[in-house]
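Asker: Sequence:
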Amino acid sequence: QLRLVESGGVLVQPGVSLRLSCAASGSISSITAMGWYRQAPGKQREFVADISSEGTTNYADSVKGRFTIYRDNAKNTVYLQMNSLKPEDTAVYYCKGVVNARYYYWGQGTQVTVSS
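Residue numbers (my numbering): 1 to 116.
Keep in mind the hints are simulated off the structure, nothing from the lab.
Don't take each hint at face value.
As the list claims (entries may be wrong) - List of simulated lysine-lysine pairs, DSS-like, C-alpha gap at most 27 Å:
hint, residue 1, residue 2
1, 64, 43
2, 43, 86
3, 64, 75
4, 75, 43
Given the structure is predicted, the values throughout are model-derived calculations rather than measurements.
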């Protein structure tokens with residue numbers, strides 16, 4: 001079992017930066033990857049970024065160069081640093097954890113709204 005709790009979502013203006021956090025608890029030693037997904041109103045959930053247990057990262061084209069995923073193993077937390085935010089980044093952001101390369105767990109989501 002893996003429990004994921006996201007935080008950091010707020011209302012911000014375009015162009016600013018924001019950092020989301022995802023704190024993990026439970027089967028920490030069996031995590032093989034962690035990632036961020038987002039779902040905008042009326043749209044399907046989409047991939048944003050992920051990081052493997054070895055530290056390899058992947059990004060969606062829409063956020064490449066603006067977002068950075070990284071982790072703090074001592075705090076069992078994965079972060080998503082989001083820079084140069086755009087209105088189209090508005091969505092509920094979900095943290096996903098993969099255990100033993102087989103089981104998937106999701107957090108409850110955190111709302112990010114980018115608006116002037």
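Asker: All the hints need checking, so say for each whether the structure fits it.
Answerer: Now the hints, each set against the structure:
no., hint, in the structure
1, 64 to 43, "20 Å, holds"
2, 43 to 86, "17 Å, holds"
3, 64 to 75, "25 Å, holds"
4, 75 to 43, "32 Å, violated"
Violated hints amount to a single one, hint 4; each of the other numbered hints is respected by the structure.
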